[in-house]
Amino acid sequence: MIEVIDLSLLLFLSVLAVAVARLRNLFAVVLVMGFYSLVSAALFTVLDAVDVAFTEAAVGAGISTVIMLGTLLQTTSKERPLEKLAIAPLLIVIITGAALVMATRDMPEYGDPQAPVHQHVAARYIHDSEQEIGVPNMVTSVLASYRGYDTLGETVVIFTAGVGVLLLLGGSLRMRGDKEEGA
Amino acid sequence: MNQQIILRVMAKLFIPFILLFALYVQFHGDYGPGGGFQAGVIFAAAFVLYGLVFGVEAAQRIASPSLLLACAAFGILLYAGTGVAGILLQGNFLDYGVLDGHDPVHGQHLGILLVELGVGITVAAVMIITFLCFAGRKRST
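These protein sequences, in sequence, are chains H and L. Under my numbering, think of the first position of the first sequence as 44, with each following residue one higher. Under my numbering, think of the first position of the second sequence as 75, with each following residue one higher.
So here's chain H without its partners, still in its complex pose:
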């Protein structure tokens, strides 16, 4: 049963990806990409990665769609049509894709407890998180406590991105210091 859901979601994803590549109307592309994020979120839920699914749905399908629409307002909503089929990029994509498919043959089985990723620190987190942190959601205990440095870095990255956007595009916003000189 779960395979049917997995397969149909993956099939849906590939159909949406092809649609994004084929569509020339960027307005439609943005909406299809939002839909793509929502289907990915469903896929993450099937994989029991609820926190990731949550983020994907909120950021990918929600905020990015709105920001991309805002971008279209500044530029244009029509993409230039392709004159002819580009052979070289197609070849590169096919070769890279084939290499990736070949690489999956060396990957451990999905959910294999002997996989390298489960042998390192994960075992300790799973074993000791309950006593050391006492938070039922282990994702939170890893994210905020065990890997607190990483999360601090990520938050600084978000702050930096916000400052960058403000510097580049914030000309129309009224800041506190502007009022005196604007009068």
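No lab work stands behind these hints: they were computed from the structure. There are no misleading hints in this set.
From the structure, some residues in chain L lie toward chain H, with a derived Cβ separation under 10 Å:
| hint | residue |
| --- | --- |
| 1 | 99 |
| 2 | 192 |
| 3 | 197 |
FRET-style restraints, in silico, Cβ to Cβ:
| hint | chain 1 | residue 1 | chain 2 | residue 2 | range |
| --- | --- | --- | --- | --- | --- |
| 4 | H | 63 | L | 174 | 44 to 54 Å |
| 5 | L | 180 | H | 58 | 47 to 57 Å |
| 6 | H | 146 | L | 164 | 43 to 53 Å |
| 7 | H | 207 | L | 98 | 26 to 36 Å |
| 8 | L | 141 | H | 61 | 39 to 49 Å |
| 9 | H | 52 | L | 101 | 29 to 39 Å |
Sample of chain L residues with no beta-carbon within 12 Å of chain H, all distances over it, derived:
| hint | residue |
| --- | --- |
| 10 | 77 |
| 11 | 80 |
| 12 | 82 |
| 13 | 90 |
| 14 | 128 |
| 15 | 162 |
| 16 | 163 |
Virtual Cβ for every residue (Gly too), placed ideally from N, Cα, C.
Start from chain H and add chain L according to the hints.
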């Protein structure tokens, strides 16, 4: 969009629930899925909805860019400050166990709560700033 009465009424109806849900995701992140990142984005989504329906000017009157920028910086300072508090209490940077003198697990709870709050405030402020920047510009010709 001033003529869209259904949109306006529905937006007014939904925004309090979106904000409440963001707070739930923020403070329930220890027990269920969610945390600062997701809560911040959902909180910002309420402002984005308000801005889309009532106009960017109205959204700016509620959340002024200067205030948002101060909030974004405050979130990071709250996070890093929690880490520094660990050093002052003779622990390591971002070691929450020492925040409570009696019970390290309590200290961990307190630390995670503060840190996630910092993440939430920064993410929400940055998302709203980004939206205002993109939506506030005049259409280029």
